[in-house]
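Participant: Each chain is listed here by its residues.
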Amino acid sequence: MPSRYLFHYAQVHNEFRLPELQSIAELYGIPYTLPQNPEDRDSTRPFMIVELDEEEHARMLARRCILIKAVYEYYGHGSTYDELHEVNRKNESLWARYVQDTSFRFLVTSSKHKIPQSRQREVIENFAYMGFLGKIDMKSPEIILTCFEEYEERHGTTRVKHEGDGEFRQVFFGRLIEEGSARQLVGKFDVKKRSYYGNTSMEAEISLLMANQTLASPGKLIYDPFMGTGSMAYPTGYFGALVFGSDIDGRQMRGKQKTPGVIRAATQYGIASRIVDLATFDVTHNPWRCGELFDSIVTDPPYGVRAGAKRLGRKRELSERQKELCLQHSLAPRPDDQPYIPPTKPYELSHLATDLVLLARYLLKPGGRLVFFLPTVTDEYEEVDIHTMMCEGMELVANSLQDFGSWGRRLVTIRKVTKERYPPPTFDPMLREANEETHIPAHKDFREKYFQGFKSKADETKG
Amino acid sequence: MVRLITHNLLACHAKDCNTNNFPLEFKDVQLEIREADFNPDFLKGFMPKIEWKALVDTARQLGDTSLPLEQPEMLDDEFLKNLHHVLLEIHVEEGSMTCPNCKHVYPISNGIPNMLLAEHEIG
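Same order as they appear, the protein sequences are chains R and E.
The first sequence maps to residues 1444 to 1906 in the numbering used here.
The second sequence maps to residues 250 to 372 in the numbering used here.
In short, the hints are calculated from the structure, not lab data.
Here the structure is a predicted model, which means the values were calculated and not measured.
Warning: the hint list may mix true and false statements.
From chain E, some residues computed to sit far from chain R (all C-beta separations above 12 Å) [claimed, not checked]:
(1) 297
(2) 317
(3) 324
(4) 338
Calculated cross-link-like contacts (lysine-lysine; reagent style DSSO-like; alpha-carbon spacing at most 30 Å) [unchecked claim]:
(5) E/276 to R/1862
(6) E/264 to R/1766
(7) R/1887 to R/1753
(8) R/1512 to E/302
(9) R/1512 to R/1699
(10) R/1898 to R/1788
(11) R/1766 to E/298
(12) R/1808 to E/298
(13) R/1758 to E/330
(14) E/352 to R/1862
(15) E/330 to E/352
(16) R/1512 to R/1582
(17) E/352 to E/264
(18) R/1635 to R/1578
(19) R/1699 to E/276
Pair ranges (Cβ atoms, derived) [to be verified]:
(20) R/1896 to E/280: 38 to 44 Å
(21) R/1598 to E/343: 37 to 43 Å
(22) E/302 to R/1627: 43 to 49 Å
(23) R/1540 to E/294: 55 to 61 Å
(24) R/1716 to E/328: 49 to 55 Å
(25) R/1526 to E/294: 22 to 28 Å
(26) R/1898 to E/300: 22 to 28 Å
(27) E/294 to R/1542: 30 to 36 Å
(28) R/1771 to E/310: 32 to 38 Å
(29) E/330 to R/1896: 55 to 61 Å
(30) E/317 to R/1867: 30 to 36 Å
(31) E/310 to R/1716: 45 to 51 Å
By construction, the Cβ of each residue, glycine as well, lies at the ideal position given by its N, Cα and C atoms.
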């Protein structure tokens, strides 16, 4: 018999909330039901009532979902206290077992507002009909009952202290089951406290959300083809997965000391043994012997602002004589102990995105997930942009925007739904041009657009 | 790093090097042994992906003779522990890997192999 639970959410990265819940529920095989009414599952609101089969499921979600602050057994809610009390009285069977001799603490709190002490007391007194006989214990009570008032966002407006008190949108009431312990990981993985990072390192909270999208857990094998300083490897490794990393430029993974930087940071988190290996290669010329190797691929591809994506090759064709000289150079012994560094050319973002999906279809096991960030221009983005990079056998699971104003990046989660084996991708843009999509996605030539300040086409003609 | 699990998954990928390009041959190696989490389910799930002969030959070349020449039918605990050790606990820190076919040398430094191809080796 499913029961209702009250989820208290951090009001950040709203578009990531439901995909994260879906992913972690899938990881643990937890059935759940969201509220029917869209307004009640609005991700900008701090509370959501979710139906689950067992209290233990609520605990499991609170221990793994980064965005959950706490979960409560639901006793009642309403637009007024009268409504709330009516529901709470009907739910007496849920809390009757705590009436006799359970020590408790009663909290009255709110989001985006501070309730004056005097009214907090008044609210508590109005719950007197519950008739709790146990000891009131502020330090270590057996249960904590919490009453939340939800206020509208009033950030940026000037108001006097306690102004609008009592004018809440809704009020919720329940018993605390578990504080969201996964949220503390945001501090643990703080980039500034990391022993090795770079200017392209991903912030901790987002990298944890990405790790949850990969369904990382013990026994899984996960690959990052644009490893860089390894931001996504640490949380995925922390959740128990084994991680492979590769990058066309080994310096990002190595850092300046003998022990590679990625290994030093992984050691700090106690997961060095889960970084299976790091290798320097261009993912468009990769040495993987076969496909269907990985449970997930997670990556933040370089999109040209801090660092541009590169692939082996040259921008311009060389003459035969130049080619001959280059060949001699690459074969000749090095005068010092520096390695031979082959030439590279830019890797255009929309090509990279399309190739990444094809590569994932080859390298993922059936059911595996590809999780990556796609930067895009806010004004030009259309939903069909995502579909220009999809291919047969791959299905979109989630697409969550992190908004930076004129641009944003979308965390895209794609599942391999096919069991069929596909050949490795050719990574040849020439072959693709032949059947080039007629739709040009907003993320094409993102770098150029970024540095031009995202001027729209209309502006250009005016200017 | 460069554990044998990785070695078993990497083939030479130079242009037109498509046959006899696996396994790459270790040379002048410096080894280190480091403990890793033992996960029998992972090992069982990964076994179908292993090129068994390449793994056993390479392990023997590096001085570990714990694995049988034929992949066994019965996966007992002792076998899985040996497989775990060979796949995940032997690290090649320095040295190189050479393609048996085209002789391309992939150097390994501080545990990271350089698998980049030269300009004339890409298609």
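Participant: Now, for every hint given, state plainly whether the structure supports it.
Facilitator: Against the structure, the hints come out as follows:
{"no.": "1", "hint": "297", "in the structure": "violated (9 Å)"}
{"no.": "2", "hint": "317", "in the structure": "holds (22 Å)"}
{"no.": "3", "hint": "324", "in the structure": "holds (15 Å)"}
{"no.": "4", "hint": "338", "in the structure": "violated (9 Å)"}
{"no.": "5", "hint": "E/276 to R/1862", "in the structure": "violated (38 Å)"}
{"no.": "6", "hint": "E/264 to R/1766", "in the structure": "holds (16 Å)"}
{"no.": "7", "hint": "R/1887 to R/1753", "in the structure": "holds (15 Å)"}
{"no.": "8", "hint": "R/1512 to E/302", "in the structure": "violated (51 Å)"}
{"no.": "9", "hint": "R/1512 to R/1699", "in the structure": "violated (39 Å)"}
{"no.": "10", "hint": "R/1898 to R/1788", "in the structure": "holds (26 Å)"}
{"no.": "11", "hint": "R/1766 to E/298", "in the structure": "violated (39 Å)"}
{"no.": "12", "hint": "R/1808 to E/298", "in the structure": "holds (11 Å)"}
{"no.": "13", "hint": "R/1758 to E/330", "in the structure": "violated (50 Å)"}
{"no.": "14", "hint": "E/352 to R/1862", "in the structure": "violated (36 Å)"}
{"no.": "15", "hint": "E/330 to E/352", "in the structure": "violated (34 Å)"}
{"no.": "16", "hint": "R/1512 to R/1582", "in the structure": "holds (20 Å)"}
{"no.": "17", "hint": "E/352 to E/264", "in the structure": "holds (13 Å)"}
{"no.": "18", "hint": "R/1635 to R/1578", "in the structure": "violated (44 Å)"}
{"no.": "19", "hint": "R/1699 to E/276", "in the structure": "holds (25 Å)"}
{"no.": "20", "hint": "R/1896 to E/280: 38 to 44 Å", "in the structure": "violated (54 Å)"}
{"no.": "21", "hint": "R/1598 to E/343: 37 to 43 Å", "in the structure": "violated (56 Å)"}
{"no.": "22", "hint": "E/302 to R/1627: 43 to 49 Å", "in the structure": "holds (48 Å)"}
{"no.": "23", "hint": "R/1540 to E/294: 55 to 61 Å", "in the structure": "violated (44 Å)"}
{"no.": "24", "hint": "R/1716 to E/328: 49 to 55 Å", "in the structure": "violated (21 Å)"}
{"no.": "25", "hint": "R/1526 to E/294: 22 to 28 Å", "in the structure": "violated (52 Å)"}
{"no.": "26", "hint": "R/1898 to E/300: 22 to 28 Å", "in the structure": "violated (54 Å)"}
{"no.": "27", "hint": "E/294 to R/1542: 30 to 36 Å", "in the structure": "violated (50 Å)"}
{"no.": "28", "hint": "R/1771 to E/310: 32 to 38 Å", "in the structure": "holds (34 Å)"}
{"no.": "29", "hint": "E/330 to R/1896: 55 to 61 Å", "in the structure": "holds (59 Å)"}
{"no.": "30", "hint": "E/317 to R/1867: 30 to 36 Å", "in the structure": "holds (32 Å)"}
{"no.": "31", "hint": "E/310 to R/1716: 45 to 51 Å", "in the structure": "violated (24 Å)"}
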